[in-house]
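**Student:** All chains should be built: construct the whole structure from the sequences, respecting the hints.
Chains as they are written, first to last, in this note's numbering: chain A, 143 to 342; chain B, 168 to 392; chain C, 31 to 427.
You may find that some hints are simply not true.
[Stated by the list, open to error] Facing chain B, according to a computed beta carbon distance under 7 Å, are these residues of chain A, among others:
| hint | residue |
| --- | --- |
| 1 | F211 |
| 2 | V298 |
| 3 | Y299 |
[What the hints assert, rightly or not] List of simulated lysine-lysine pairs, DSSO-like, C-alpha gap at most 30 Å:
| hint | chain 1 | residue 1 | chain 2 | residue 2 |
| --- | --- | --- | --- | --- |
| 4 | A | K238 | C | K381 |
| 5 | B | K284 | C | K46 |
| 6 | A | K157 | C | K357 |
| 7 | C | K357 | B | K284 |
| 8 | A | K280 | C | K46 |
| 9 | C | K354 | B | K284 |
| 10 | C | K401 | A | K210 |
| 11 | A | K238 | C | K357 |
| 12 | B | K326 | A | K295 |
| 13 | C | K350 | A | K295 |
| 14 | C | K381 | B | K284 |
| 15 | A | K210 | C | K354 |
| 16 | A | K210 | C | K73 |
| 17 | A | K280 | C | K209 |
| 18 | C | K350 | A | K210 |
| 19 | A | K238 | C | K401 |
| 20 | C | K224 | C | K209 |
| 21 | A | K295 | C | K401 |
| 22 | C | K122 | A | K238 |
| 23 | C | K46 | A | K295 |
| 24 | A | K295 | C | K73 |
| 25 | A | K210 | B | K326 |
| 26 | A | K238 | C | K354 |
| 27 | A | K280 | B | K326 |
| 28 | B | K197 | B | K326 |
| 29 | C | K46 | C | K401 |
| 30 | A | K280 | C | K357 |
| 31 | A | K210 | C | K381 |
| 32 | A | K157 | C | K122 |
| 33 | A | K295 | C | K122 |
Quick caveat, the hints were computed from the structure, so don't treat them as lab data. Backbone N, C-alpha and C define an ideal beta-carbon position, used for all residues, glycine too.
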Amino acid sequence: MSTALAFAAIAEQVKSAHPSVEARESDNRQPWLLVPAADLPAVARLLRDAPALRFDSLADLTGWDLAKFPATPPSTDIAVAYYLHSLAHRHHLTLKVMAPRDAAQVPSVSGVWAVANYFEREVYDLLGVAFTGHPNLKRIMCPDDWIGHPLRKDYVYPQAYNGIAHLRDGQHFEDAPPRVGDPPPAPAAAAPAKPPVKSA
Amino acid sequence: MVDPGIARPGNDPDEQVLVTTVDEFLAWGKENSLFYLLFATACCGIELMQTGGPRYDVDRLGMIPRATPRQADLMIVAGTITHKMASRVRTLWEQMTEPRWVVSMGSCANSGGPFSKWSYSVLNGVDKYIPVDVYIPGCPPRPEALIDGVMALRERVRKYRTLGMRDRDPHVVQGGDCAFGSHPGRDGACGPSSAAPGALAMSRGDESPRTPQSGKPAQVNGGPA
Amino acid sequence: MSTDVTVETLGGERMKLNMGPHHPATHGVLRLMVETDGEIVAKAVPDHGFLHRSIEKIGECVEWPMFVPYTDRIDYVCAMNANLAYCVAVEKLLNTDPATAVQVPLRAECIRIIVAELNRISSHLVAVGAMSMDLGAYTPFLHGIAQRETVNDIFEKLCGQRLTYNFVTIGGVAFDLHKGAEAEITAFLDAFEKEMIRFNKLITANTIFRDRCAGVAAISAADAVAYGLVGPNLRGSGVDWDIRRDEPYGIYDRLAVRVPVGQGFAGRNGRVGDCYDRFVVRLLEINESVRLVREALKMLPAPVEKKTDATGGYQADVAKQLRKPPKGEVRVRTEAPRGEMGYVIVSDGSKTPYRVRCRTGSFTACSIFQKLMRGIFMADIVTVIGSFDIVVPEIDR
Ligand code: SF4
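**Tutor:** Set out below in structure tokens:
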């Protein structure tokens, strides 16, 4: 489509309206826009409504915990990523909002794209990002009384739920992810081989 | 009365009367009409569906899917059971009328399968919640394997005694290859005892004295209905 | 029709009804909390998570190739497409750095198209069969399953599994086509096309079936886009968008995919984007897939001895790249039978992914349920669920 805009042109338009937005690149040169959380609703509206942009669909919304991501300096944020797509002009854009891990709060965009309602509930459930202004911010995957947010890198698996133990009697896995109430790892007594499982 | 005038092979009263015990007869009937609960959660459910399909056609074994547990004799747990689902499985099982049987189909229902190690939400085996009669390994088991499992179950059903063991637990298969000596649902031995959550008191053999079933079976879920 | 009755005009007592998680028409363990006003649904709130198997977390624990079997379990009705989506995503990640670039052999690309489209056929057969079963027509379902068995046979010869194939690998496919596979597939397609005529006579042109679906739960194009519908559900609303054609991956760009869209197929009572449109779009896509398999069979290069050969091989060598993939992130969208299956993959440069995110069609399809199921008849709930062709592990993962 001839009306599709390249990333630079889109970034230019957004930045002229919201100077706080920055264009960034990931380590493998995938471009994205870093949006401050406070500006997100306005930026989202602009992206959806500006005639040249018309990002009418939110193709995906997800997030990941940057706690263990090798970066200098180490980040303490949760990245919330918005993948926008315009069916009208057929172009793409990635937005990211960084939310600090201990008080992760991002304004909801469910008023802009209806599907964000579900996506945000999922991110809330699995990563513990509170979306302010969300009409129904409840857990969607885990039961309501689940403890913790599983996709955080420091998540500790439960030992039991509802009185039913997770593992079978006597079941034990080498190098499995940690569980609540596990004995603390022996302090490098026998220098165990580094487990292939990353989550510590 | 058979009309003596018509003499055809098989019309002789001697050939018309079979003598058997009531229990044998009832077990025979049960064995040949194992209505199963249409209970599929995950991938294995598709194989269960295909087993009911035209090629494997379990209808010929007298197995007809029922949508409601109240009409089912057999629960085929086909697929992964998560912690969130588990209490519902128990509810369904409790709604089935006695005698009831459970086939655990696929690695997930047996032991958590591919999810047992790294998953935080999958129950490692449905037998932590309900007693299982036959386990079928596979991920997913082929329809042939499922049918084989059902044949194994039919062996058990054939040994089921309705009257002869009224005061004892009918699920105890005398001399059979029974994994659960007692029928745990009846005396509340199934489910986590309050002493050791998660540990199932499923004894082999029939050593413990039977107490009459006191009210409901052990409350397991405690979660929302 | 049902949509003429609005909830506000009725002031009766509400009854709460719990549908699922064990309900034959919810295609697995979906739970709907329905509030009815007489026969009219006042409110239906879906409740998910009964099959949340933490697959995304597992993605962070296992190594790159070890996640492929788990993609099977995300969508087991079309496991080939699910494998393909993940593998395409990892390949794209590797290709962001010239040092780790992979070149998937052409033969492997053709085999991927063949298996993906065959699986699309068998997946849509389950979809249309199950939808007609939900509406009370059991026979079409059996016809669909019978055809699906044939596809399963082909796949079983190909990779030894009937359902969870683990066949598409990063950098190619696990096995070359078995001997005589081309002839088998062609024979299946020929027989299948005839069978589809019968199928259509049996159910698609059936007046009762058509009238039950006509005009039920019509979704406007704007709503479909806003609620993130994808795949046949989106196209049923008349939006002309197919990732295979518009953002081709693999060798779809050489195949000229034709995209059917909903046009109010049900006739007088029908509307664009109603349940019948979604049903028919799936059937039309089956025909298109048949054509694509034939095309791909024509393009298939001759096999060669060396499996990493760029044309006739079937599996590029990726073991070294996967030990040290580039650091960074990619996002890939592919067209699975239930719509866009998109992966966001974040890599920290180690042999396990840092984050694997799978965006699936059924999950977003559920987001419109609450809006759609207001003011329809109770009995239409199963029609709506059936017409979206949801697969529960895709919602819950
Ligand atoms: S055993 Fe395998 S096929 Fe069956 S439900 Fe579990 S993962 Fe799916």
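**Student:** Is the Cα-Cα distance between K284/B and K46/C 30 Å or less?
**Tutor:** violated, 39 Å
**Student:** Using the nearest Cβ pair, does V298/A come within less than 7 Å of chain B?
**Tutor:** violated, 9 Å
**Student:** Holds or violated: K210/A with K354/C, Cα cutoff 30 Å?
**Tutor:** OK: K210/A and K354/C at ~17 Å, within 30 Å.
**Student:** Is it true that the CA of K210/A sits at most 30 Å from the CA of K381/C?
**Tutor:** Measuring from Cα to Cα gives roughly 15 Å; hence the hint holds.
**Student:** Taken at face value, is the distance from the CA of K73/C to the CA of K295/A at most 30 Å?
**Tutor:** Distance of about 38 Å is beyond 30 Å: violated.
**Student:** Below or equal to 30 Å on CA atoms is what counts here, so check K122/C against K238/A.
**Tutor:** Roughly 21 Å separates the two Cα atoms, so the pair holds.
**Student:** Given the hint that K354/C pairs with K284/B, test it: the Cα-Cα distance must not exceed 30 Å.
**Tutor:** Holds, at about 25 Å.
**Student:** Is K46/C within 30 Å of K295/A, Cα to Cα?
**Tutor:** Not satisfied, since the Cα-Cα distance of roughly 40 Å exceeds 30 Å.
**Student:** Taking 30 Å as the top limit, are the C-alpha atoms of K381/C and K284/B close enough?
**Tutor:** holds, 19 Å
**Student:** Regarding the pair K280/A and K326/B, is the alpha-carbon distance no greater than 30 Å?
**Tutor:** With a Cα-Cα distance of about 50 Å, the restraint between K280/A and K326/B is violated, given a limit of 30 Å.
**Student:** Below or equal to 30 Å on CA atoms is what counts here, so check K157/A against K122/C.
**Tutor:** holds, 29 Å
**Student:** Between K401/C and K210/A, is the straight-line Cα distance small enough, at 30 Å or below?
**Tutor:** violated, 40 Å
Hints 1, 2, 5, 10, 12, 16, 17, 21, 23, 24, 25, 27, 30, counting from the list given before, are not met by this structure.
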